[in-house]
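Line order of the protein sequences matches chains H and X.
According to the numbering used here, the first sequence is numbered sequentially starting from 1.
According to the numbering used here, the second sequence is numbered sequentially starting from 114.
Honestly, I wouldn't trust all of these hints.
[Unchecked claim] In the DMTMM-like style, the derived pairs of lysine to aspartate or glutamate whose C-alpha atoms are separated by at most 20 Å in a straight line are: (1) H:K44 to X:E118; (2) H:K40 to X:D120; (3) X:K169 to H:D99; (4) H:K52 to H:E82; (5) H:K44 to H:E82; (6) X:K139 to H:D99; (7) X:K212 to H:E58; (8) X:K212 to H:E53; (9) X:K183 to H:D99; (10) H:K36 to H:E82; (11) H:K41 to X:D196; (12) H:K44 to H:D85.
Think of the hints as simulated: they come from the structure by calculation, not from any bench.
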Amino acid sequence: DTAVSQTPKYLVTQMGNDKSIKCEQNLGHDTMYWYKQDSKKFLKIMFSYNNKELIINETVPNRFSPKSPDKAHLNLHINSLELGDSAVYFCASSPGLRDSPLHFGNGTRLTVT
Amino acid sequence: SQQGEEDPQALSIQEGENATMNCSYKTSINNLQWYRQNSGRGLVHLILIRSNEREKHSGRLRVTLDTSKKSSSLLITASRAADTASYFCATPTQGGSEKLVFGKGTKLTVNP
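Okay, chain H solo, but in the shape it has when bound:
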């Protein structure tokens, strides 16, 4: 009955590869997000979707492409992985209403070697 679930939990891959991270929420929320947390714990928003529509796209390399097949799912595809992409990626969701808190998944730790 996990509210926001991400897969995989760990991802180890080599530079240049393409990988995807999947996220699903069963909370009925309209808005979903991808955040990146670096090694110093700094959490930065990457993308936000509301009802499958992209509403926030921060300064993120074009190698990162989010896809939302429906409002319960938001996947993140990364092309040509680089060493600097190593981080923990968090999916989150919210009702999208003003003042509504975010519900986070447990993260995907991506290590690029």
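Given chain H, work out where chain X should sit, using these hints.
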């Protein structure tokens, strides 16, 4: 751009003591939120305080907000070892919660 800054970066206390963490932010806000992150887990929402509120309580948590100083504090009373985690403040931009900007967090260690 980063909005909130927590202080201190790290805090180590004994069980039973109180822990106070501070957050400063830069622009006007309509609310401020605190989150907890246990090691290896996602962030969990703790409490939200609106800009027209000065203080809010939830169990052993007490949050204050001073909009004139653009600062907030999170007090955890009678701390427990299970409170060991990183604590983040977050503020919305673009007029709502569409984009929450997080600080760098305070790492709290509660020693048994």
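Consistency of the hints with the structure:
The suggested pairing of K44 (chain H) with E118 (chain X) holds, with an alpha-carbon distance near 13 Å, which does not exceed 20 Å. Between the alpha carbons of K40 (chain H) and D120 (chain X) the distance comes to roughly 15 Å, so the proposed pair stays at or under 20 Å and holds. The suggested pairing of K169 (chain X) with D99 (chain H) holds, with an alpha-carbon distance near 15 Å, which does not exceed 20 Å. The hinted pair formed by K52 (chain H) and E82 (chain H) fails the criterion: a straight-line CA distance of about 28 Å is larger than 20 Å.
Our distance criterion of 20 Å between C-alpha atoms is met by K44 (chain H) and E82 (chain H), whose separation comes to about 18 Å. Among the hinted pairs, K139 (chain X) with D99 (chain H) is consistent with the structure: their alpha-carbon atoms are about 18 Å apart, no more than 20 Å. With a C-alpha separation of about 10 Å, the suggested pair K212 (chain X) and E58 (chain H) falls inside the 20 Å cut-off, and the hint holds. For a cut-off of 20 Å, the pair hint linking K212 (chain X) to E53 (chain H) stands: about 15 Å separates their Cα positions.
Annotation: proposed proximity of K183 (chain X) to D99 (chain H) holds, straight-line Cα distance about 18 Å (limit 20 Å). Distance check on the hinted pair: K36 (chain H) and E82 (chain H) sit about 15 Å apart at the alpha-carbon level, within 20 Å; holds. For the proposed pair K41 (chain H) and D196 (chain X), the alpha carbon gap of about 18 Å is at most 20 Å, so the pair holds. Proposed proximity of K44 (chain H) and D85 (chain H) is supported: the alpha carbons are some 13 Å apart, at most 20 Å.
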